[in-house]
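K.L.:
These are the residues of each chain, in order.
2 protein chains.
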Amino acid sequence: MTDTPVEESLFQIIHCFHQYAARQGDVETLSLQELQALLTDNVPRFMDSLGRKEPYYVTELFRAADKNKDNQLCFDEFLYVLGKLVKDYHLQYRRQLCARHCAQHSLY
Amino acid sequence: MTDTPVEESLFQIIHCFHQYAARQGDVETLSLQELQALLTDNVPRFMDSLGRKEPYYVTELFRAADKNKDNQLCFDEFLYVLGKLVKDYHLQYRRQLCARHCAQHSLY
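Respectively, the protein sequence lines represent chains A and B.
Per my numbering, the very first residue in the first sequence carries number 1; after that it's consecutive.
Per my numbering, the very first residue in the second sequence carries number 1; after that it's consecutive.
Hints are computed from structural coordinates only; laboratory data are not their basis.
Be aware that one or more of the hints could be misleading.
To be verified - Computed cross-link-like contacts, BS3-like style, restricted to lysine-lysine with a CA-CA straight-line distance of at most 25 Å:
#: 1; chain 1: A; residue 1: K69; chain 2: B; residue 2: K87
#: 2; chain 1: A; residue 1: K87; chain 2: B; residue 2: K87
#: 3; chain 1: B; residue 1: K67; chain 2: A; residue 2: K87
#: 4; chain 1: A; residue 1: K84; chain 2: B; residue 2: K69
Produce the entire structure from the sequences given, and follow the hints as far as they go.
P.N.:
Rendered as structure tokens:
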């Protein structure tokens, strides 16, 4: 069975988590440094938003996602971060649509 | 700025939601029929699992996601469904890795 584009997208995101989790320490979980690298390399549009490059931003995000406070993010805990990303890119998606609509109708 | 593969994946999933939401009724939300079509067309691996093709499965999933009980799923409510999908494809990803490892090492 060939994967649909949505299935490929889901696997892409999952593969990204495991690529960074495997870097050091527990190969199944993300450390703070691994999360920082994952976000910087893979979601630059998210990180470019105001304040997200401040060192405390990723630390706070990590702390909020780390439900069991073991200083590591397992895949289920990473879903909290993914939720933030999806919401943020949803806003960007709508902004792009809006900008395209305005350009087509010469609204600026 | 060019999108990274992870960003493209996020936009793909978001675009899919809006494609189906736009079909009928409120163009910003999914009806039960739109959710059914979205899942059947885009995540066949998920739907192929035991019991998910039973009519009540998607009805129950829809009901659980519809937090404000307006009989529509807005994008934030759809995140509940997305969480289920990501967890399911994570299991499939691990099964594929395991099968590949076993094949490489002639474990079957």
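K.L.:
In ascending order, which of the hints set out earlier in this document are inconsistent with the structure?
P.N.:
none
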